Amino acid sequence: MSHTTQNTHTLQFVPGAEFKRRAAEVVANPFLRKSFRGAMDFLMAKRAAQFPDPELLERQRSLAEHIRRYSLSRLPQLLEQLEANLVKNGVKVHWAETPDEANAIILDICRRHDTKLMVKGKSMVSEEVELNHAMHDAGIDALESDMGEYIVQLAGEKPSHIIMPAIHKTKQQIAELFAEKVPGVSYTEDVDALIQIGRDVLRKKFMEAEVGLSGVNFAVAETGTLCLVENEGNGRMCTTVPNVHIAITGIEKVVEKLEHVVPLYGLLTRSATGQAITTYFNVITGPRRAGEKDGPQEMHLVLVDNGRTQAFADEQMRQTLQCIRCGACMNHCPVYTRIGGHAYGTTYPGPIGEIISPHMMGLAATHVLPGASTLCGACGEVCPVKIPIPDLLIRLREEATHDAKPGHAPLVGQGAGKTAFASLAYKGFAFLYSRPALYRLFAWTATRFRFLTPAKQAGWTDSRTPLKPAAKSLRDLLAERRR
Amino acid sequence: MSARDNILAKLRAGATHTTAPAPLNPDAAIAEHYASLPRTPKEQLAQEFAEKITAWHAEVHRVPRGQWVDKLKEVVAAKGIRNLLYAPATTHGRALEAAGIQGLKPYDRPIDEWKQALFENVDAAITGTRGAIAETGTMIVWPDASEPRTMSLVPPIHIALVDEDSVVPTLYDAIVQQKWTDGLPTNALLVTGPSKTADIQQTLAYGAHGPKELVVLLLTGEAL
Chain A
1 MSHTTQNTHT LQFVPGAEFK RRAAEVVANP FLRKSFRGAM DFLMAKRAAQ FPDPELLERQ
61 RSLAEHIRRY SLSRLPQLLE QLEANLVKNG VKVHWAETPD EANAIILDIC RRHDTKLMVK
121 GKSMVSEEVE LNHAMHDAGI DALESDMGEY IVQLAGEKPS HIIMPAIHKT KQQIAELFAE
181 KVPGVSYTED VDALIQIGRD VLRKKFMEAE VGLSGVNFAV AETGTLCLVE NEGNGRMCTT
241 VPNVHIAITG IEKVVEKLEH VVPLYGLLTR SATGQAITTY FNVITGPRRA GEKDGPQEMH
301 LVLVDNGRTQ AFADEQMRQT LQCIRCGACM NHCPVYTRIG GHAYGTTYPG PIGEIISPHM
361 MGLAATHVLP GASTLCGACG EVCPVKIPIP DLLIRLREEA THDAKPGHAP LVGQGAGKTA
421 FASLAYKGFA FLYSRPALYR LFAWTATRFR FLTPAKQAGW TDSRTPLKPA AKSLRDLLAE
481 RRR
Chain B
1 MSARDNILAK LRAGATHTTA PAPLNPDAAI AEHYASLPRT PKEQLAQEFA EKITAWHAEV
61 HRVPRGQWVD KLKEVVAAKG IRNLLYAPAT THGRALEAAG IQGLKPYDRP IDEWKQALFE
121 NVDAAITGTR GAIAETGTMI VWPDASEPRT MSLVPPIHIA LVDEDSVVPT LYDAIVQQKW
181 TDGLPTNALL VTGPSKTADI QQTLAYGAHG PKELVVLLLT GEAL
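Going down the list, the protein sequences come from chains A and B.
When the letters of the first sequence are read in order and numbered with UniProt numbering, they come out as residues 1 to 483.
When the letters of the second sequence are read in order and numbered with UniProt numbering, they come out as residues 1 to 224.
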């Protein structure tokens with residue numbers, strides 16, 4: 001059936017020049033600009049309404065940061081504890097270093113059950129490993145069931161936001177899409193009617209599918225429990241109705257105890273969509289037990305590395321892994337608001353995407369991304385777990401344009417953004433600024449011969465006014481004031 | 001080496017690149033945080049829960065403990081519920097049988113034997129709850145062998161019994177007081193209103209995949 005057609009777009013990373021072209025395209029598109037501006041204003045206002053007391057918010061953020069840092073400080077032990085308790089609960093645990101390994105594990109489970117249809121709850125890690133393509137290539141239909149993801153899949157696109165995947169689409173576009181792609185449906189812009197169409201299509205699929213796949217928001221080591229956060233109920237459908245449930249998650253999602261989840265959950269929903277809580281909080285501790293009448297007969301967890309161990313190995317970059325995927329950083333980012341999620345070309349867009357993608361895809365493919373920021377600091381200020389995103393952006397800009405420091409292991413793609421011209425300019429700068437006499441001579445000459453400054457300055461003047469020395473140096477100005 | 005061994009080895013090696021002191025166990029900080037928040041007095045918890053879950057689009061009926069079956073009959077009639085799924089081995093299930101409600105349908109066999117009928121021919125289901133949370137207007141649903149997890153998910157209307165004495169201030173209180181860690185079911189649930197989505201142009205719509213309506217019978221008065 002046409003409405004289950006796979007997304008055939010490959011998430012190939014768009015290289016630097018391509019990123020700039022895409023960003024420029026969106027900036028020039030008033031329609032998309034308006035969509036994103038409106039949606040981000042809406043989400044920012046909703047979040048702000050949840051945090052009327054700045055002091056309380058600060059206490060909550062500090063507590064959440066504490067919990068995430070504690071969890072990461074014991075990550076290897078917690079993963080082993082999680083695995084042991086999941087196994088005790090009857091869950092099979094798999095480990096994957098790469099996207100290909102993760103896909104192969106899931107494909108193998110599907111083949112053993114001879115399934116042609118997998119229903120999927122929302123999972124950004126499954127987007128990260130491009131599970132849908134791997135399933136499609138193996139002849140298995142991997143159907144997204146989150147309404148936003150379903151819409152995006154139907155359109156053959158990728159999510160443009162990690163929480164609201166179809167945020168770039170208007171209801172008119174969705175109405176056209178449904179009328180075109182869903183058999184027997186006529187054009188309607190009524191949102192309730194559109195949701196009912198999605199509900200009807202997907203309920204049949206929940207009933208038919210042998211395998212359900214989900215992400216994980218929090219994994220609890222002490223009890224061997226997986227927690228899922230959602231409003232729609234499709235996550236519950238995928239984890240309850242099919243015979244087999246496969247959960248996939250990044251290795252950083254584990255916490256020690258159920259109590260540690262509570263402050264994180266409270267901040268996650270408030271930061272993401274400005275909700276005090278979601279409709280469902282799904283706390284799963286194993287497959288169907290003897291005597292139970294429903295729930296999956298078989299349950300799996302796939303733990304994915306995909307570059308996370310690289311971030312973990314560096315004390316500063318380890319903070320990237322504190323992320324609980326609320327999306328607040330993108331909602332508040334002036335760059336994301338203007339260029340939208342697709343321009344980035346990565347699974348995770350916006351500020352968090354700029355600091356996590358280099359570990360997942362290497363700096364060769366991603367070195368321009370840490371530059372897509374004004375360093376205004378909004379992302380760091382709203383982050384519920386206090387990831388110092390601006391500091392990490394600066395760090396990655398440096399790693400992208402320099403060799404690894406002595407004694408540090410190079411990142412994948414270390415120095416990929418280096419250019420001969422920039423290296424020379426930095427060297428010249430360092431040479432000049434470390435020699436006072438030479439510097440004074442340079443300042444004296446530059447201020448007096450400023451009229452010679454060229455109007456075109458390599459790449460700099462493509463989108464900026466030319467650099468021109470001031471008429472007087474700061475040193476001279478200060479000397480005058482003192483007189 | 002297996003993927004597991006490689007990942008754990010990399011993490012162990014990475015963990016040595018640490019200069020900051022290891023963070024303390026956050027248990028005490030979490031307990032202190034919740035203790036520092038303003039507490040709703042015990043007698044107002046049920047009221048707060050009712051107001052909050054109503055704001056989440058649930059329909060709440062306060063009903064004296066001994067009369068909930070009569071209220072249920074009214075709800076069934078008002079909504080035109082032709083068949084009502086229930087759990088026969090529960091206390092409330094037996095009360096329903098005794099009251100002789102029309103169209104009662106027991107959940108008495110594995111889902112695999114009647115999946116299609118469950119999806120297509122059930123109008124509503126009634127379940128108990130393990131308690132509720134005042135702060136967010138949330139019900140704690142605790143499915144087990146007698147009251148399966150799909151009851152609160154698949155039928156278009158979910159009717160839930162909440163005892164006003166079981167309402168606690170926060171999720172943290174629920175987990176600690178009810179000692180969740182000592183024995184979690186395969187699928188504990190927090191439910192806050194009917195299923196919803198805002199995925200189309202941030203417009204809120206109810207009944208995305210789960211129940212379109214949530215009816216809460218809030219049991220009040222002296223314990224029987």
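No wet-lab data here; the hints were simulated from the structure.
Treat the hints with care, since some could be wrong.
[What the hints assert, rightly or not] Cβ pair distances, simulated, as ranges:
| # | chain 1 | residue 1 | chain 2 | residue 2 | range |
| --- | --- | --- | --- | --- | --- |
| 1 | A | P54 | B | H17 | 20 to 26 Å |
| 2 | B | P88 | A | D108 | 37 to 43 Å |
| 3 | A | D190 | B | L24 | 51 to 57 Å |
| 4 | A | P54 | B | L24 | 47 to 53 Å |
On a predicted model such as this, the values are computed, not experimentally measured, just so you know.
Cβ atoms here follow ideal geometry from the backbone N, Cα and C, with glycine treated the same way.
Each hint, compared with the structure:
1. P54/A with H17/B: 20 to 26 Å: violated (34 Å)
2. P88/B with D108/A: 37 to 43 Å: Holds, since P88/B and D108/A (Cβ atoms, about 40 Å apart) stay within the stated range.
3. D190/A with L24/B: 51 to 57 Å: Distance hint for D190/A, L24/B holds at roughly 54 Å.
4. P54/A with L24/B: 47 to 53 Å: Between P54/A and L24/B, where Cβ atoms are some 25 Å apart, the hint is violated.
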